[in-house]
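Student: Read off the chains here:
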Amino acid sequence: MAITDELKALIGTTTEPVIMEVERGAIRRYADAIDDPNPLFRDVEHAQSSRYGEMICPPGFFGWPVKSGGVMELLASLAPALARAGCPRILDGGVDFEFYLPIRAGDILTSSGKIADIRAREGRTGTMIFTTLETTFINQNGDLVAKSRATIISL
Amino acid sequence: MAKQLCYEDVEVGTEIPPLVKRPTTRQLVQWAGASGDYYELHYDKDFAQAQGFPNVLVHGKLKFGLLGQMLTDWIGEGGILRKLSCSYRATDFPGEDLVCKGRVANKYVKDGEHIVECEIWTENPSGEKTTPGNTTVILPSRAQDKKEA
Amino acid sequence: MKKQLYYEDVEVGSEVIPLAKIATTEMLVKWAGATGDFNPLHYEDAFAASQGVGSPIVHGALKRAWLGHLMTDWIGEQGVLNRLSCQYRGMDYPRKMKDMATPEEGETWWCKGTVTKKYVEDDQHIVECDIWVENGKGEKTTPGTATVILPSREAKS
Amino acid sequence: MQQASIITDEMKEQLGVEGTPTILEVEKGHIRMMAEALDDPNPLWQDEEYAKKTRYGGIIAPPALLCNARAGTGRGVQMKSPFLRALAGGDELEYYLPVRPGDVITSVSKITEYNEREGRRGKMLFTIIETTYKNQRGEVVATSRSASISY
Chain G
1 MAITDELKAL
11 IGTTTEPVIM
21 EVERGAIRRY
31 ADAIDDPNPL
41 FRDVEHAQSS
51 RYGEMICPPG
61 FFGWPVKSGG
71 VMELLASLAP
81 ALARAGCPRI
91 LDGGVDFEFY
101 LPIRAGDILT
111 SSGKIADIRA
121 REGRTGTMIF
131 TTLETTFINQ
141 NGDLVAKSRA
151 TIISL
Chain P
1 MAKQLCYEDV
11 EVGTEIPPLV
21 KRPTTRQLVQ
31 WAGASGDYYE
41 LHYDKDFAQA
51 QGFPNVLVHG
61 KLKFGLLGQM
71 LTDWIGEGGI
81 LRKLSCSYRA
91 TDFPGEDLVC
101 KGRVANKYVK
111 DGEHIVECEI
121 WTENPSGEKT
131 TPGNTTVILP
141 SRAQDKKEA
Chain E
1 MKKQLYYEDV
11 EVGSEVIPLA
21 KIATTEMLVK
31 WAGATGDFNP
41 LHYEDAFAAS
51 QGVGSPIVHG
61 ALKRAWLGHL
71 MTDWIGEQGV
81 LNRLSCQYRG
91 MDYPRKMKDM
101 ATPEEGETWW
111 CKGTVTKKYV
121 EDDQHIVECD
131 IWVENGKGEK
141 TTPGTATVIL
151 PSREAKS
Chain A
1 MQQASIITDE
11 MKEQLGVEGT
21 PTILEVEKGH
31 IRMMAEALDD
41 PNPLWQDEEY
51 AKKTRYGGII
61 APPALLCNAR
71 AGTGRGVQMK
81 SPFLRALAGG
91 DELEYYLPVR
101 PGDVITSVSK
111 ITEYNEREGR
121 RGKMLFTIIE
131 TTYKNQRGEV
141 VATSRSASIS
151 Y
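Protein chains in written order, with this note's numbering: chain G, 1 to 155; chain P, 1 to 149; chain E, 1 to 157; chain A, 1 to 151.
Treat each hint with caution, since some may be false.
Label pairs and their calculated CB-CB ranges [to be verified]:
#1 P:Pro-54 with E:Thr-108: 31 to 37 Å
#2 G:Gln-48 with E:Glu-104: 29 to 35 Å
#3 G:Tyr-100 with P:Lys-129: 55 to 61 Å
#4 E:Asp-99 with P:Val-12: 44 to 50 Å
#5 G:Asp-92 with E:Asp-122: 32 to 38 Å
#6 A:Glu-94 with P:Thr-14: 18 to 24 Å
Bear in mind the hints are in silico, worked out from the structure with no lab data behind them.
Every residue, glycine too, gets a C-beta built ideally from N, C-alpha and C.
Isolated chain G, as found in the complex:
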């Protein structure tokens, strides 16, 4: 199925990079919120004596507040075009993370987002548009630490 020219033109749009300082307190608040007692996410002494040498982030956490490379801004720019294409309802379809390196307290991450793909599909209830938003996270050494691909479903 074809998407509108307006949507096609949005593929490849990128965001301004967002800088996030990963702090121990933020990691602890996150671990509290998911009720995860793992000492790697809470106990500095334990973490420092582990193979990581410092408290690390639970998977999917990249510092507070969670900004994910300005994905919300991307969505905001996308929403009117999706509505004009006849799919105004926006649902979070899920996410796919790839982790390359551990993220430690004290790291400074730069994340940037991109509209990687927009596709249309015929569903039970009519046309559905699938948008893939890709975010990359790079640490202060310039290493790529993680990548996420979020699927936004519009109907």
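Since the structure of chain G is already known, use the hints to place chains P, E and A on it.
Tutor: Leaving out everything else, chains P, E and A in the frame of chain G:
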């Protein structure tokens, strides 16, 4: 930033510029995160109603924090907040105006410090003082500045 | 700490040790604070009703984070989580709190998984799993997959 | 004397008993969370460049950072009450030194007083908790007195 307030600028009866706030449910949730106070009285409407309140309540300590904001705004960077005290006398609800106010009650110099004591409070839309309290601040003095210079 | 899991300990079909979770209104507020996601859909009754979901729903990302917890617990400190993926298929509703410490009776969610594939590639001992969050009715509201690298007893010796 | 005091001997034994210390590592993110929750745009709480030029020489925390659950206020004390409902009654904080990111604040609380009162909602118990906050140099940065009401 505004001009620095000095000891000589205030007299007994001088009013602190009011700070008008209207806490939202979102702000209460933000406060829960920042303060670590997760009492459901402040975000679960059913729970609040079971406790006999018409809606979720604004945290007392959030009102304390807002009074602190009024004061740090007023005394500026040259002033020092020494003491802040308040009682949570009546409930406040999100979506309603909450006005922080204050008035100078006393001023004096002690041990070279220019001390100002104030009554402070928050006011609800009916004009009731829901969070009365008092504060002690130390302000810079123009007279002293001259002496030092 | 628990015993370290090794590549040799798992086979296709092995179960990831299940993890029970109870979503409460309190947990949702904590999640909002910890992530900075203050969307009222997750704490304000009136707003949730206006969005057609009835009452506040559990954040999809919180369920995803539970799956992360499931995997990091299972693989232990010597294991590495390489990939985590999930879809938000069904809505979940948190339990209300009875008092400051206890949730009301109700649903318990289970994070579960099974090994679907194991292989060695570039000297790395890789295990792939299907993972999901199951609600009180046994429905998989948040299915996904994970790829992990486990230490190997053979490589060690 | 009131007949049948609600303050039991067990409760009296808790007077003056220090709770386990709570350690708060003060971080910029937490200060920012606090400033955002107060909707307080003062650059002294968030803008390092700005704060450097002030008398403080860097970011400091707003007064509200202390005297709450995260700061350990009331942590570890054995609060006992015959009542199930609780509300905050009031707080008093005295500040001695600014709190900065990087500070490690250790707080210790104790119950110092109980009061029984007759209120609009029936019999009420006021429990007064005092907390001392020290920084990594052992300096007392603040003290607080909080009233907790149960009814």
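Student: For this structure, which hints from the list above don't hold up?
Tutor: Hint check: 2 fails alone, others pass.
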